[in-house]
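Generate coordinates for the entire structure from the input sequences, incorporating the hints supplied.
There are 2 protein chains.
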Amino acid sequence: MEQKSSKSLQKLSELHRQHRGLINIMPLQTGGMLTEAAKKALIEFGDGYSVCDFCLGSLCDITNPPVREFVHELLPQFLGCEVATLTYGARDGIFMVMHSLAKPGDSIVVDGNRHYTTVVAAERAGLNVIEVASSGYPEFRIDVNDYIPLIEKHTPKLILLTYPDGNYGNIPNAKRLGEIAQEYDIPYIVNGAYAVGRMPVSMRELGADFIIGSGHKSMASAGPCGVLGMKKKWEEIVLRKSGTYSNKEVELLGCTLRGVPLITLMASFPYVKERIDHWNEQVSKAQWFSGELEKLGFHQLGEKPHRHDLLHFETPTFYDISKHVRERGYFLYKELKERGIWGPQPGLTKAFKLSTFAANQEQLKFVINSFNAILSKYS
Amino acid sequence: MEQKSSKSLQKLSELHRQHRGLINIMPLQTGGMLTEAAKKALIEFGDGYSVCDFCLGSLCDITNPPVREFVHELLPQFLGCEVATLTYGARDGIFMVMHSLAKPGDSIVVDGNRHYTTVVAAERAGLNVIEVASSGYPEFRIDVNDYIPLIEKHTPKLILLTYPDGNYGNIPNAKRLGEIAQEYDIPYIVNGAYAVGRMPVSMRELGADFIIGSGHKSMASAGPCGVLGMKKKWEEIVLRKSGTYSNKEVELLGCTLRGVPLITLMASFPYVKERIDHWNEQVSKAQWFSGELEKLGFHQLGEKPHRHDLLHFETPTFYDISKHVRERGYFLYKELKERGIWGPQPGLTKAFKLSTFAANQEQLKFVINSFNAILSKYS
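The listed protein sequences derive, respectively, from chains A and B.
Residue numbering for the first sequence follows our numbering, beginning at 214 and increasing consecutively.
Residue numbering for the second sequence follows our numbering, beginning at 214 and increasing consecutively.
Calculated directly from the structure, the hints in this document are not laboratory data.
Positions of the beta carbon are idealized from the N, C-alpha and C atoms, including for glycine.
Only true hints are included.
Some chain B residues near chain A, calculated using beta-carbon distances under 7 Å:
{"no.": "1", "residue": "S221"}
{"no.": "2", "residue": "R304"}
{"no.": "3", "residue": "V332"}
{"no.": "4", "residue": "V333"}
{"no.": "5", "residue": "H429"}
{"no.": "6", "residue": "S434"}
{"no.": "7", "residue": "A435"}
{"no.": "8", "residue": "V463"}
{"no.": "9", "residue": "L466"}
{"no.": "10", "residue": "P483"}
Right, dumping it as structure tokens:
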């Protein structure tokens, strides 16, 4: 026991990341890779609570580093909202809103492509989740007009749309749902975990009440880290202050990001703000990449033509190979890793998700050629 | 507007920490300073979601990096508990337990020295907070026997003790409260945000049901980051799985620390585990320091002799000076900073908290001499 424990401790003092420096096409990670400014800030503010040197009681009001300006000026402008705050991540922002606006037993209507955490957050808040079905295989489109009959039937306290979803990268008509939300006067959350920080998105233009962003998913930040934007009218409900401590928000338990992920979010922000202007190039790159992979016999699921870097492919040829090789499903991960590529979840061969967001065209060409070479090797 | 915004963005790309490298006696920070191993890990795992390369659906079960072993073997052993999990910090662990074990309208009994977040977490969970009064000025001691009449009167769903508290660094008789909790069969939370990682503490020995630790406060970690230990019997309540997603814990919204603070917690752990063995030296150092400052006319609040590095002093002489100088209360912060010392919150002179945990005796001698020199300069 003692010996095992000392071996375990030894391991902890030598933590290495196997995938560091590889071509990254792993959808969870391509939007969260740090900028050089963020890497420097990591060291500068790494120590616990070092963000809070000049705190006067409220994280979002710290002026050095300039959290106040970031949260109260830059973020609202960026999100197209009136009030913004910091969260631990998209799921935490969603829970905060649910917990503030709905009571146990209430219903909410969400898209069928929602992230699993939407369901878990609703469960934590005691809410009934009603889902708008997608069009199913192979495109899995959400028609936001399908919210209408469910709204009429269930009178939900909230509606939520995942924009885009994390499974297919589909971009539903969030603006039309904004009109529906307004017509029925129901608070409307846009979960933009894969939008905010990658592509232009404005809460105001979509007609939403809340917009959710993820720092580690799409804003070039360390995790856990997220942003929540809202209309001014929700501030006193979602950001209500404690009855005992008048400068502490109840849903934030006083403060959230009291640490270095916030600093990386801030340090990367100028770059993130700029990169969304190149979204059209990102979409072209994704479409080209998808087309090339389809030539190899892959089949892209989700909307076509695709409008996001997150792509889901069926890859029956890899699956066939996996049935006959010693490593089974892991052969693909191993082959790609040997070529310096990190993408499909280890073990998957039948279908997997990729993201073209962080790789340039040359790297993606190398990925395409590598897939081709692996297919040839085993055929 | 455009010009202002570009200036704001410029600031974000050059974030510097003024207090980096100073002698740190700031109580929020002395236990959260990173080890060299943690600093290396920061860079290695800085990118968003890089902890999750080999996730199979549950953060605490990731084997590379060895999160699983850390959470399921090392942490329970370290905390003296049966089951452990990861949280965003102490406040988040406390809320999780409250939200799982109590319903809106229920009562809880807590010590009068509790952190503000205990009250805010209870408010978020809709609970009534009943406080056990301390002995008041100057020692502010909590007599845990005072829980008994309040338990009998209010039949609380939970009791909580802050061990030690963050205002005076008092160490109440947590073990005796464990006996009381058992006698009345009430779940008992020890908030060890200033204990776990600094001093030896065992949930089992204290007879508690839950133990709370803070990574950024006392475990040499980046924030936000914490740990929660519990008896096995609470696992299926606090760590209950989603009805829809059988591998996702509802109170954790699936996963919590999906980012680099977890890696710093793990990388620093071997050092943290070792440093608690030197707790007696820490206590001696704190007592010596307190004695020296009292010779300068400071008055230590809280228990005497003191048994923790967190010390609260009344400093009437500094307050008198502040009334006559141009910088008012900020003169002390400025004088100390010029001498390379970071401790009392900027603006405070009447009373402030210090921690001797991270400074060695030589550095503390320099602090004492500096206080003395500042007093002489203005007298």
